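The primary structure of each chain is shown beneath.
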Amino acid sequence: MTASPPRKEFHPPTRESFATRVVLVSVAVLYISLFLFTPLIAVFTEGFRNGVDAFLNAIVEKDALAAVKLTFIVAGIAVPLNSLFGLAAAWAIAKHDFKGKSLLITLIDLPFSVSPVISGLVYVLLFGAHGFLGPTLDALGIKIIFTTAGLVLATMFVTFPFVARELIPLMQEQGVSEEEAAISLGASGWQTFWNVTLPNVRWALLYGVLLCNARAMGEFGAVSVVSGHIRGLTNTMPLHVEILYNEYNFAAAFAVASLLALLALVTLVLKSALEWHYGEEIAASHRH
Amino acid sequence: MPGFGLTFGFTVFYLSAIVLIPLAALLIRPWELGVAGVIDAVSAPRVVASLKLSFGAAAIASAINGVFGLIVAWVLVRYRFPGKRIVDALVDLPFALPTAVAGIALTTLYAPNGWIGSALAPFGIHVAFTPLGIVVALTFIGLPFVVRSVQPVLDDLDREYEEAAATLGATRGQAFRRVVFPTILPAWLTGIALAFARAVGEYGSVIFIAGNMPFISEITPLLIVIKLEQFDYAGAAAVGAAMLAISFAMLLAINTLQAWARARST
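Residue numbers (my numbering), protein chains in the order written: chain A, 1 to 288; chain B, 1 to 266.
Hints in this document: simulated from the structure, not taken from any laboratory.
Please note: incorrect hints may appear among the correct ones.
[To be verified] Here are some of the chain B residues that sit facing chain A, going by a computed Cβ distance under 7 Å: (1) F10; (2) R29; (3) E32; (4) Y79; (5) A96; (6) I104; (7) F140.
If you're wondering where the values come from, they're calculated on a predicted model, not measured in any experiment.
Cβ atoms here follow ideal geometry from the backbone N, Cα and C, with glycine treated the same way.
Construct the complete structure from the given sequences, taking the supplied hints into account.
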């Protein structure tokens, strides 16, 4: 056996050494595992700690089911309304020119930079017992704070920009030429919207609705302020998790939390699928 | 284009009804205390301590995410490794996972008898129910922002510049410092600012792990909730308005950064 002469392998000049790459990948994977993967595993482990039966009992329990139902009702009202708003705002902003457009876009984004607690607080200040409109509404027999209406309003506030901010940049990029062609061929405004604009933005719309829904179902701070925490009546799933946890009923708290974590996982899978298949049609993918 | 009147009208109406009028209530309400009262409410020692904690912990958490988020973004754009797609998808978990769920999960992990807490306890490090726990929760919440801000810019970055740097004799480190980093700097700072803005107002994931001791581990959003439960509407509004003013200043800073980033990339 003769030792082959050492061969110097070509090393691309824009690539780091093997050791550097291994270290960087390890650091990244460790960081993600520690901060994201471990908490996720912990939710399911704790949820099933006392076995599958205990898990199922915690979920089919009366107040838990009421919380699930309320969560769906709140998201079922808030998400379609915000989607409608997103479409209208994107149509007005992307297809027309007017003064103050960038101010309007900034204002639409505003709820993202407001603390969730403040998002709930503002409605208490308006509609609460000591709020500006509280006494008037009280005289009319209308209650908003500590009712489903308050939960819906607070949820609408925190999820306000989701659909609009996915659609506005995409529709701005697409311009108006296709719509102008449709209108010059005799299509009405509605026909143009349904047959030309909507098909062009459908995946981005779905993407925005998906993120909007995840936040709507999972929102805690804002709804916590307006809810009043009335069991079986004004508790959404995240609030129910809090109550169970504060009662040291950890297994039940994590069982309900597992459902929410499952919702998060489904959201992530659908979101990734949309990004992989329709990345080009979702201009705003990877922008948050 | 037709439909401007209808869609613009609806947009402005909906925006006003859901966002602007309620926020106006927040700005009007504190003044029933009078100017001196508002200053007193905002400068009370307990409020100042909570503001220092909220902004301090958010600053530390966003700095941590600045460092590690950059590494994660780099690794996701430049390298191939097993499980990459899962890591990429998992980065958005804090956007999708309800904050209350994150809060109880992190508390369970970092409690003295938890998986991570029990490993740290022998070293005298206590995370849950201390300000350190707040930093952990805020790091979780802010994790996606830096990664998702830097990733597309890094993706667009042409390798030719780095090749040119290498042919001119630059080491890999020099090429990164002189060529890559200046290009991604605006996006990186934007990501850090977004993570910071989110962390300052965060409530759900923090209250479980914080311990919530006044002057020690009580964040500002929690203090607002406490004031509200005591029916101190004006006081709650004053603290809320102060937070909002700071957040708004930061929103302006972020927009300026993004404008700078756009100017750089064209």
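Give me the numbers of the hints this structure contradicts, sorted from smallest to largest.
-> 3
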